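Student: The residues making up each chain are set out below.
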Amino acid sequence: MILQVDNPVVEVHDLTVSYDRKPVLWGIDLTLPAGALVGVIGPNGAGKSTLIKAMMNLLPVSSGYVRIFDQPLKQVYSRISYVPQRESVDWDFPASVFDVVLMGRYGQLGLFKRPRKADKDAAMEALEKVGMQSFANRQISQLSGGQQQRVFLARALAQNADVYFMDEPFAGVDIATETAIIQLLRLMRDQGKTVIVVHHDLQSASEYFDWVVLLNMRLVASGPTEQVLNQELLEQTYGGKLTVLSKVGDLLRKQEFPAREKN
Amino acid sequence: MNAFWIILTGSLVATCCSLLGCFLILRRMAMVGDAISHAVLPGIVIAFMLTGSRDTIPMLIGAGLLGVLTTFLIEFFHRFARVQADAAIGVTFTWLFAIGIILISVFAGQVDLDQDCVLYGEIAYVPLDLIITEGGLSLGPRTVWMLSVVTLLIGAFVVLGYKELFLTTFDPAFAAAIGISTTLWYYLLMGAVSLTTVASFESVGSILVVAFLVAPPATAYLLTDDFKTMLGIAVGLGILASFAGYYLAVWMDGSIAGAIATVTGIEFLLAFLFSPTHGKLRRQKRVQVVGH
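Protein sequences appear in the order of chains B and S. To convert a position in the first sequence, counted from 1, into the numbering used here, add 7. To convert a position in the second sequence, counted from 1, into the numbering used here, add 3.
Just so you know, these hints were derived from the structure itself, not from any lab. Be aware that one or more of the hints could be misleading.
Computed Cβ-Cβ distance ranges for the label pairs, DEER-style [said to hold, decoys possible]:
| hint | chain 1 | residue 1 | chain 2 | residue 2 | range |
| --- | --- | --- | --- | --- | --- |
| 1 | B | Pro67 | S | Val86 | 43 to 53 Å |
| 2 | B | Lys120 | S | Asp132 | 34 to 44 Å |
| 3 | B | Gly42 | S | Leu243 | 28 to 38 Å |
| 4 | S | Phe275 | B | Gln149 | 17 to 27 Å |
| 5 | S | Gln87 | B | Asp197 | 38 to 48 Å |
| 6 | B | Trp98 | S | Leu243 | 26 to 36 Å |
Beyond 12 Å from chain B on every Cβ pair, some chain S residues (computed) [said to hold, decoys possible]:
| hint | residue |
| --- | --- |
| 7 | Asp89 |
| 8 | Val162 |
| 9 | Tyr189 |
| 10 | Leu234 |
| 11 | Thr280 |
No experiment lies behind these values; they were computed from the predicted model shown. Even for Gly, the Cβ is constructed at its ideal location relative to N, Cα and C.
With the hints as constraints, model all of the structure from the sequences given.
Tutor: Here it is, written out as C-alpha cells:
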C-alpha cells in the first residue's frame with residue numbers, strides 16, 4: 008500500500024543507494040504530505056537512516072532524485088533541518104549548550120557573518136521550548152542522553168525550518184524526555200511543519216505518527232497510520248520475526264507493561 | 004637583537020600552528036601536519052631541479068602543491084580505498100618523503116639540500132638572512148616577513164571562517180544538511196595547514212611544526228571547555244614556549260627548536276597533572292574528599 012499525495016513536501020523518485028556496490032535501498036518512490044508527523048519504520052539494517060540521509064543529499068545516490076517543495080535540494084537548504092543521531096558527534100567537544108544551539112542559525116547567516124542578537128534570541132527561545140534554558144552555559148559533556156537529545160532538537164528549532172528530518176530522536180532517552188519531545192513534534196506539526204522521524208519502536212508508532220513509511224530495503228508501505236500499521240504489511244516489513252514480536256507485544260499490552268526499549 | 008628575531012619567528016610559527024592545530028586535534032587529524040611537513044620534500048627537490056636555484060618562491064610553490072596533493076591522497080585513500088584515516092596518512096607521507104629522499108640521493112651532486120634541513124631546520128640562522136634595501140637599510144630577516152604574512156592570512160582565515168570551521172569540525176553531517184560544504188572547508192583547512200607547514204619548516208624544521216600543531220592545542224583542550232578560549236590559550240602557550248625554549252637553549256647551549264618543542268611537552272605534562280577541569284591530581288583529591 009503505497010499512497011502518493013498531491014503537492015508533496017518531499018518527493019522521492021526511483022531512489023537507489025548502495026554502499027560498496029551493495030544496494031541498501033532499492034527503487035524508492037515516495038511522496039509525503041505537508042503538515043504531517045511521519046514515522047519511518049523498519050527492522051535494523053532496513054535503511055531507515057540511509058533513506059533520510061539520501062533525502063538530504065548527505066550520501067551519494069546510485070540513481071533517482073529527491074525534490075523538496077518541488078525544488079532541487081540546493082535551493083531549499085534554509086527550509087530543511089536535521090537532527091542527527093546523538094552518537095554521531097563527540098560530546099567532549101569544547102562547546103557550551105548555547106554554542107551548539109546557535110549552530111542552527113549558521114545556515115541563514117551566510118559566509119563571514121557573525122551571529123547577531125536576533126540569532127541569539129532565537130537560540131535562547133529554542134532552548135526554552137525544550138526546557139533547557141537554564142543549561143545554556145553548561146558544557147555539553149556534562150549532559151545526560153536525554154538532555155543531549157533536547158539540545159539537538161533545540162538546534163533544529165532555532166533554524167525555524169519547514170521540514171525536519173530526525174534520526175532516532177527517541178533512542179536512549181528517558182520517558183520524560185520522550186514525552187516532551189513528542190509534544191513538541193505535535194506542536195510543530197500543528198504549525199504546519201513536516202516532521203520526518205526515524206523510529207524503531209512499533210508499540211508507540213501508532214500513537215505518535217499520522218503517516219507511516221514501512222521500509223525494508225524496499226518501500227513496503229507509505230500512507231496514513233491507521234491504513235498502514237496492520238498485520239499484513241508489518242509482516243511484509245519484518246518478515247517472520249514479527250509474529251514473535253507481535254505476540255510479545257500483545258502480551259505486554261495486556262499486562263500493561265511499558266514496552267519501550269531502553270538503551 | 005638576534006634573540007628578538009628568533010623568538011619572534013618561533014612565536015609566529017606557534018601562532019599559526021596552534022590556531023590550526025585546535026581544529027586538527029578535534030577532527031582527530033593531528034598527524035596530518037606531520038604528514039604534510041614530510042611529504043613536501045619531493046616538491047622542494049623538484050622545484051629546485053626545475054629552477055636551478057634556491058629561491059624561496061618556487062620552493063614554496065613546489066612544497067605547497069605537494070602539501071595539497073598529500074591531503075588529497077589521504078582523503079582519497081580513506082574514502083575510496085576504505086583504509087583507516089591514520090593508515091592513509093602513514094602510507095601517503097612515508098611514500099612521498101621516500102621519493103624525496105631518492106630524488107636527493109640520485110641528484111646529490113646537483114642539489115644543495117639535505118633531509119636534516121627539512122627535519123630539523125635551523126631557527127638560529129633566521130637573523131642571518133636579512134632583507135637589505137638598496138640604501139643599505141636592514142628591514143629584518145626575510146623569514147620573519149614571510150611568516151608575518153602567513154600569520155595574518157591564517158588569522159584572517161580562522162576569524163572570517165570561524166563559524167564554518169567550528170560547525171564542520173563538530174558536526175559535519177548537520178553542516179552538510181544545512182548547505183555548508185564540508186569538503187570545501189576540509190580542503191581550505193588543509194590548504195592553510197600546508198601553507199603554514201611549508202612556510203615554517205625551513206626555519207624551524209618539521210619536528211617543531213608538528214610539536215606546535217599538536218602540543219599547545221592538546222594542552223589548551225585540557226584547560227578549558229570553551230572553543231574560543233581554547234584557541235587563545237593554545238596561541239599563548241605556543242608563544243610562551245618560544246620564549247622559554249629560547250632561553251632554555253641559551254642556558255644549555257643546545258638546539259633552540261629542540262628546546263622549544265621540549266617546553267611544549269612540559270606544558271602539556273603540567274596541564275595533564277594540574278588542570279582545574281581535567282587534571283589527574285585534582286581529580287584524585289576530589290575523589291578523596293568524596294570518600295571522606
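Student: Work down the list of hints and note, for each, if the structure agrees.
Tutor: Hints, one by one, checked against the model:
In this structure, Pro67/B and Val86/S break the distance hint of 43 to 53 Å, their C-beta atoms being roughly 19 Å apart. For the hinted restraint 34 to 44 Å between Lys120/B and Asp132/S, the CB-CB distance of approximately 41 Å keeps it satisfied. Remark: the range hint 28 to 38 Å for Gly42/B to Leu243/S is contradicted by a beta-carbon distance near 58 Å. In this structure, Phe275/S and Gln149/B meet the distance hint of 17 to 27 Å, their C-beta atoms being roughly 21 Å apart.
In this structure, Gln87/S and Asp197/B meet the distance hint of 38 to 48 Å, their C-beta atoms being roughly 47 Å apart. Checked against the hint of 26 to 36 Å, the pair Trp98/B and Leu243/S passes, with Cβ atoms roughly 30 Å apart. For Asp89/S, the non-interface assignment is confirmed: its Cβ lies about 17 Å from the closest Cβ of chain B, beyond the 12 Å cut-off. At roughly 9 Å from the closest C-beta of chain B, the C-beta of Val162/S falls inside 12 Å, breaking its exclusion from the interface.
For Tyr189/S, the non-interface assignment is confirmed: its Cβ lies about 15 Å from the closest Cβ of chain B, beyond the 12 Å cut-off. Consistency note on Leu234/S: stated as away from chain B, yet its beta-carbon is not over 12 Å from all of that chain's, at 10 Å minimum. Here Thr280/S does not stay apart from chain B, with its beta-carbon only about 9 Å from theirs, under the 12 Å limit.
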